[in-house]
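Undergrad: Make the full structure from the sequences, and use the hints.
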Amino acid sequence: MTQLFPEKTDDPYLYLAGDESYKCELIEEMNQVWRRPDSLIDTPMHYCPGCGHSIAHRLLMEVVEELDIVERTVGIAPVGCAVFAYNYLNVDMQEAAHGRAPAVATGIKRVLPDRILFTYQGDGDLAAIGTAETIHAVNRGEKIVIVFINNGIYGMTGGQMAPTTLAGAKTSTTIFGRDPSVHGHPLRIAEMIAPLPGAYYVTRQAVNTANHVRKTKKALLKAFQYQIDNVDGTCFVEIVSNCPSGWKMTPLESNELLEDEIFQFYKLGDLKLPGKE
Amino acid sequence: MAKKLMKGNEALAEAAIRAGVKGYFGYPITPQSELLEYLSRELPQRGGAFLQAESEVAAINMVYGAAGVGERVMTSTSSPGFSLMQEGISYIACAELPCLLVNVMRGGPGLGTIQPSQGDYFQAVKGGGHGDYKLPVLAPNSVQEMAEFVYDGFDLADKYRNPVLILSDGALGQMMEAVEFPDYDVEAHKVDHSDWATRGRRKGHDHNVITSLYIQPDKMELINQHLQEKYRLIEANEVRFESIMTEDADYLLVAFGLSSRVAHKSVEMAREKGLKAGLLRPITLFPFPSEILSQLADQVSGMLVVEMNTGQMVEDVRLAVSGKVPVQFYGRQGGMIPQPDAILHEIEKYYEEHFAAEVN
Ligand code: SF4
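Line by line, the protein sequences are chains A and B.
Just remember that this note's numbering sits 2 ahead of the position in the first sequence, which is counted from 1.
Just remember that this note's numbering sits 11 ahead of the position in the second sequence, which is counted from 1.
If you're looking for bench data, these hints aren't it; they were derived computationally from the structure.
In this text the structure is predicted, and so the values were computed from the model without any measurement.
Any given hint could turn out to be false.
Claimed, not checked - In silico lysine-lysine, DSS-like type, Cα no more than 27 Å apart, as pairs:
| hint | chain 1 | residue 1 | chain 2 | residue 2 |
| --- | --- | --- | --- | --- |
| 1 | A | 224 | B | 201 |
| 2 | B | 201 | A | 219 |
| 3 | A | 250 | A | 269 |
| 4 | B | 15 | B | 33 |
| 5 | B | 241 | B | 230 |
| 6 | B | 201 | B | 241 |
To be verified - Covered by chain B, per the in silico footprint, the following chain A stretches (three or more residues, Cβ under 8 Å):
| hint | region |
| --- | --- |
| 7 | 71 to 82 |
| 8 | 87 to 97 |
| 9 | 105 to 115 |
C-beta: ideal position from N, C-alpha, C; glycine also.
TA: Shown next as structure tokens:
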């Protein structure tokens, strides 16, 4: 049997160098019931164990393959934990400045309207520093898919408060808990943009259970299909996710917190469906 | 082609369309708004996309995206807006994306004034944003050059995979002069960028990635070295300047853009009085014409740098002449334009003092 993790794992840069020795061939082809999408690069990810980013990445690549748009798709990576998304997603990618992914995608879509554009952004990126770019891209109805990973914290920089952090939540910059009268209120950005005429499809999903993963995949399929159909507006898929490292808990505990508290505030489901207000 | 009377901003916009610009992203700001208005009207009908962005920050990032697919794209702004764009320009420079930037300068700092200025020289030629990078900077001094430099700018950008800046000012943008657009074959100037551009993964190839992130310091150092090598190449190949009455000059004026027009007038007035003044006009501010200045420093006994700021390019002139001759400065700021007599007065003063020194 191939070793899952060779001795060399203490060199983190090998992850990024695409070292072939990491590939695991555990299953005979005849027994294979599931496979990694070809467009998901076969390399260990830098995400923490139990983090929802990797699932969202896989779903994205499944979707572009199923819709047969790998060669038409250009993705925009954010600044944040997903800054290296292009190390995993084998579609053409641009890495944007913090918060500017919707502007970058707009630039591409406007000069190459037949390409399929998506941005992949966290909550610090999309809902704090990039709020203006988010709102105006949607308000113009840019024909792009915005994938918004909302885990209520700044993961990469070490667990600081995000605009989306729930009231009372302890973070490294709100050590006694977020006090809305001092730190502001948690921001529901999907609710903000859903009423904009430029928003075509706005939905909030999750990837913490098999059922939620299936629903998120459906939502992504829908959003990309709308763009392929050249509908008049922006598709916005929020994925409420976990950050076990930033939340300082185990992946299991983080998934429980999602169900117990976070989905109460960030309610899952469609916020805007085409033809329905 | 017949000459046409046009504003500098409009001539630049028209030239951009003729140079095959496929995308323009900008934000209104005086004194460059005619550029935006002209392109909003003309570009969509002539094969390009025009978009008025929500801010200069968004505009420059739209340029980043669109430049990353290898099409000719541009933005234009004026001083405060150019400050807002610096983050994006730093990313574009590191990711090596060809594009054209235009700064129609106004007086600063702060909100300043909408009158012409050259106060952004440092920002333009020394990098401007964070990190070590350079932009080739072209400084027109007429409406004709506002147009011509667009073609050069796009060609340089494509050749070096680097953002190129046209550094103009409010007077050149607003003034009307006759302009003639050169014949320019867009197809013949097309550069194939498909090996790096992100236009969708090519069959049989791995994906293309545009980034300015190299987390390993040894890799980031290599990127820095690569960029510097490119800038040295640009310095070796692309220096441009104009020499006016320098052959027999014993006193040299150095000025760029609008102030070079005034300085030219002053040199003519000095010549009428029998004073052998000359003018060196840097056309590229980066790469800077240091070599010719160093040579001229062996010929003249002094230099006078004239700028519409408090003395910025004068530092580069002093570096170039390396103490061989005294380099003086005359400038006006805040939207004020130097007057030919005032410069002439400086020239005369120099000759008087120099002459007096020789007699003693
Ligand atoms: S810090 Fe949080 S969001 Fe980032 S990879 Fe780790 S768990 Fe995921």
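Undergrad: Each hint needs a verdict: does it hold in this structure or not?
TA: For each hint, the structure was consulted:
About 38 Å separates the Cα atoms of residue 224(A) and residue 201(B), which puts this hinted pair outside 27 Å; it is violated. About 41 Å separates the Cα atoms of residue 201(B) and residue 219(A), which puts this hinted pair outside 27 Å; it is violated. A hinted pair counts as satisfied when its Cα atoms are at most 27 Å apart, and residue 250(A) with residue 269(A) qualifies at roughly 23 Å. For the proposed pair residue 15(B) and residue 33(B), the alpha carbon gap of about 24 Å is at most 27 Å, so the pair holds.
The suggested pairing of residue 241(B) with residue 230(B) holds, with an alpha-carbon distance near 17 Å, which does not exceed 27 Å. As the CA atoms of residue 201(B) and residue 241(B) are separated by approximately 21 Å, the hinted pair is consistent with the 27 Å bound. A count of 7 residues in the region 71 to 82 of chain A with a Cβ less than 8 Å from any Cβ of chain B is obtained; the coverage claim is therefore met, three being the minimum. Evaluation of the coverage hint for the region 87 to 97 of chain A: fulfilled, as 8 residues show C-beta separations to chain B shorter than 8 Å, against a requirement of three.
Coverage of the region 105 to 115 of chain A by chain B holds in this model, with 9 residues showing a Cβ closer than 8 Å to a Cβ of that chain against a need of three.
The structure does not agree with the numbered hints 1, 2 stated previously, though it agrees with the rest.
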